[in-house]
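Undergrad: Quick note on the working numbering: the sequence shown kicks off at 51 and runs consecutively.
Just so you know, the hints here were simulated from the structure itself, not pulled from any lab data.
We put the beta carbon where it would ideally sit given N, CA and C, even for glycine.
Worth double-checking, as some hints may not be accurate.
What the hints assert, rightly or not - Within a straight-line C-alpha distance of at most 25 angstroms, the following computed DMTMM-like cross-link-like pairs (lysine to aspartate or glutamate) qualify:
| no. | residue 1 | residue 2 |
| --- | --- | --- |
| 1 | Lys108 | Glu86 |
| 2 | Lys108 | Asp54 |
| 3 | Lys72 | Glu62 |
Stated by the list, open to error - Now the in silico label distances, taken between C-beta atoms and shown as ranges:
| no. | residue 1 | residue 2 | range |
| --- | --- | --- | --- |
| 4 | Lys108 | Glu65 | 30 to 40 angstroms |
| 5 | Phe68 | Met96 | 29 to 39 angstroms |
| 6 | His87 | Asn53 | 13 to 23 angstroms |
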Amino acid sequence: MANDHITADMVESSEFSFLAVKYKVHGVPHTVINEEHSIVGALSEMEFAHAVLKAIGK
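Please take these sequences and the hints and turn them into a complete structure.
TA: What follows is the structure in structure tokens.
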């Protein structure tokens, strides 16, 4: 990993339905940041980076 402070997990929502319910997944991709913020849908790299920075308050 390029940064030891960043971790990521990917799960198949149909196989882990309890996680889909917990994070209110209704479509994919669905990214959850710090258990609080969600990004739903496909974004360009730049849009995704901006969404992540906004979610963490930067």
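Undergrad: All hints, please: hold or fail.
TA: Each hint tested on the structure:
The straight-line distance between the Cα atoms of lysine 108 and glutamate 86 is roughly 15 angstroms, inside the 25 angstroms bound, and the hint therefore holds. A C-alpha spacing of about 19 angstroms is found between lysine 108 and aspartate 54, which places the hinted pair at or below 25 angstroms, so the restraint holds. Distance check on the hinted pair: lysine 72 and glutamate 62 sit about 14 angstroms apart at the alpha-carbon level, within 25 angstroms; holds. For lysine 108 and glutamate 65, the Cβ-Cβ distance of about 33 angstroms falls inside the hinted range of 30 to 40 angstroms, so the restraint holds.
Evaluation of the 29 to 39 angstroms hint for phenylalanine 68 and methionine 96 yields a pass: the beta carbon distance comes to about 33 angstroms. Remark: the range hint 13 to 23 angstroms for histidine 87 to asparagine 53 is upheld by a beta-carbon distance near 19 angstroms.
Of the hints listed earlier, there is not a single one the structure fails to meet.
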